[in-house]
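With the hints in hand, could you dock these two chains into one complex?
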Amino acid sequence: GAVVSQHPSWVICKSGTSVKIECRSLDFQATTMFWYRQFPKQSLMLMATSNEGSKATYEQGVEKDKFLINHASLTLSTLTVTSAHPEDSSFYICSKLTSGGADTQYFGPGTRLTVL
Amino acid sequence: GDSVTQMEGPVTLSEEAFLTINCTYTATGYPSLFWYVQYPGEGLQLLLKATKADDKGSNKGFEATYRKETTSFHLEKGSVQVSDSAVYFCALSPSDDKIIFGKGTRLHILP
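Those protein sequences? They're chains A and B, same order as listed. Residues 1 to 116 (the working numbering) make up the first sequence, in order. Residues 1 to 111 (the working numbering) make up the second sequence, in order.
Here chain B stands alone, though its shape is the one from the complex (with noise of 0.2 Å):
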């Protein structure tokens, strides 16, 4: 069945280093891929998404595009934030509305 797999965690940076959490799935058909974080206390919430290989997706920073010859889904960051720090979930859907999800990657930010 469809699956999602990323990088173990946790991931400790420094303020301002460069980002990489790294996300490959498998699936039948062409899903929508997403990134979800989770900030400490907070419910998921949905931070880019691509619904087609080659799109990327972006938000606060944030990139990652969808490579279908590699089935993957990678997220970067150039420059990290203490604020940054939290769970992230690479996720997929493969055509509606319900979504697979990652096992969540914890990012420590350090000032």
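Just chain A, same shape as in the assembly (with noise of 0.2 Å):
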């Protein structure tokens, strides 16, 4: 199957800075690319879906200023979480999805990310 790489996979920082989570397609190129976000015990939560050349697509109280996406070339997209506070700590995951329909996302192994 298709293949997805995140980087890092675990990330501890201060309050207060940023950090950039990559998400790379290593087979095939994808125009579209999702986020998500997963709080222990719950679920995946939708974020944004990354259009490569365009703005991505925020679902409803995601905070664009907040979590930065950039989807630059069809094989790489990256999440900035800035000014990241304690509360941001979360396990981010990506996906990309290859031909159209819901069971053609392939996703990565997530980045688990700890705001002290």
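Hint data in this document are derived by calculation from the structure and do not stem from the laboratory. Wrong hints could be hidden among the right ones.
As a list, the in silico EDC-like pairs of lysine to aspartate or glutamate whose alpha-carbon atoms are at most 16 Å apart [as the list claims (entries may be wrong)]:
{"no.": "1", "chain 1": "B", "residue 1": "LYS52", "chain 2": "A", "residue 2": "ASP103"}
{"no.": "2", "chain 1": "B", "residue 1": "LYS98", "chain 2": "A", "residue 2": "ASP103"}
{"no.": "3", "chain 1": "B", "residue 1": "LYS98", "chain 2": "A", "residue 2": "ASP65"}
{"no.": "4", "chain 1": "B", "residue 1": "LYS68", "chain 2": "B", "residue 2": "ASP54"}
{"no.": "5", "chain 1": "A", "residue 1": "LYS55", "chain 2": "A", "residue 2": "ASP65"}
Written as structure tokens, this is what we have:
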């Protein structure tokens, strides 16, 4: 199946700093990628849809200026958590859409962010 | 809005036991239903899917049937193995590429 990597897999940062998480499609090009957030014992919540060459589409309640998404190429989307605070600590997961239809999403292994 | 509810974990079973993980959903229209599995250190993988009522999805010995009358999509396996230990997510897709996930159920299989 399609392969998605995320970097870093785990990051710890101080409150007030910004953290960038990379999501790479290692095989197929991905026009569309998704970013999810998962709290402990909670569902994956869709944060935004990342479209190559255009602005991301954010879900209701997700702060655009807080979670900056850049999809500059067909193989890379980045999520930057700006001015991180402890409440931003979570597990962030990306996925890529290959050919259309929800079942063609392939997921990365996730990035655990801990903000002190 | 649309949502998915699945049984709380963790679920601990002995090898070769029968597995059921319950999942019910709330949706307008006719969503597609999925089960995803996440093995330690790996990304979510699609385990099986069903796109319409009475469809049965199956893969790796796992099965789930789309029951519209009970709005359920319970996951079953007749004889689990230690290698089935993972987190299982029930999910639905209303009509587009988005996916709505349940909270996940952690499964431990003891040798």
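Verification of the supplied hints:
no.: 1; hint: B:LYS52 - A:ASP103; result: holds, 14 Å
no.: 2; hint: B:LYS98 - A:ASP103; result: holds, 9 Å
no.: 3; hint: B:LYS98 - A:ASP65; result: violated, 22 Å
no.: 4; hint: B:LYS68 - B:ASP54; result: holds, 7 Å
no.: 5; hint: A:LYS55 - A:ASP65; result: holds, 12 Å
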